[in-house]
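Student: Could you put the whole structure together from the sequences, leaning on the hints where they help?
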Amino acid sequence: MSSVLAACAALPELSFEPGTPLISEGQPVSRLFILVSGRVSVRKGDKEVARISDEGAIFGEMSALLDIPASASVIALDDVRALCAEDGAALIEANHQLAIHSARTLAKRLYHATSYLADCKTQFADRSDHFGIMDQILDELLQQQRAEPADTSEDVNDPRL
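Numbering (this note's numbering), first residue to last: 203 to 363.
Each hint should be verified, as a subset may be incorrect.
Unchecked claim - Below, simulated DSS-like cross-link-like pairs (lysine-lysine); rule was C-alpha separation at most 27 Å, straight line:
id	residue 1	residue 2
1	K323	K246
2	K310	K246
3	K323	K310
4	K249	K323
5	K310	K249
Treat the hints as calculated values from the structure; they're not laboratory data.
Tutor: Here is the structure:
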């Protein structure tokens with residue numbers, strides 16, 4: 203058992219059949235899930251962006267921490283068991299080990315996304331056709347740093363989330 207699962211062992215465990223959503227894109231989410239077993243598909247719109255089966259994988263942390271709707275759907279691919287916290291933000295604040303695990307998960311995602319954007323920027327840097335603007339857009343994204351999260355008081359459909 204992973205150390206994250208051990209640290210969160212007191213949480214209720216839920217079961218999901220194949221095809222059942224744990225999280226639905228665009229919906230408010232306060233729940234946090236920690237994968238015990240099974241495989242899930244992470245989907246942005248109709249595109250699968252990841253398949254995850256790692257014991258201790260965490261889902262819903264971005265929505266919980268930023269108090270925003272889910273940026274993607276998480277759907278059971280087979281029989282899934284997951285620990286569930288109704289108030290994900292409170293659990294992360296109260297559990298140092300889960301906070302570090304969440305930070306590492308988010309840092310890993312950011313690392314891969316930034317690497318991909320940098321690769322795309324390189325590919326489009328010398329284009330003179332309509333793809334040429336991609337270099338400028340990606341440059342702006344790579345340079346953008348916010349001290350605080352964006353104001354989420356209004357309904358915002360930001361495809362970067």
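Student: Each hint should be assessed against the structure and marked as holding or not.
Tutor: Going through the hints against the structure:
Annotation: proposed proximity of K323 to K246 holds, straight-line Cα distance about 22 Å (limit 27 Å). At most 27 Å may separate the alpha-carbon atoms for a hinted pair to count; K310 and K246 meet this at roughly 18 Å. Simply put, K323 and K310 have alpha-carbon atoms about 20 Å apart, close enough for the 27 Å limit, and the pair holds. With a CA separation close to 22 Å, the supplied pair K249 and K323 stays within the 27 Å bound.
Restraint check for K310 and K249: the C-alpha separation of about 20 Å stays at or below 27 Å, so the hint holds.
Of the numbered hints stated above, none is contradicted by the structure.
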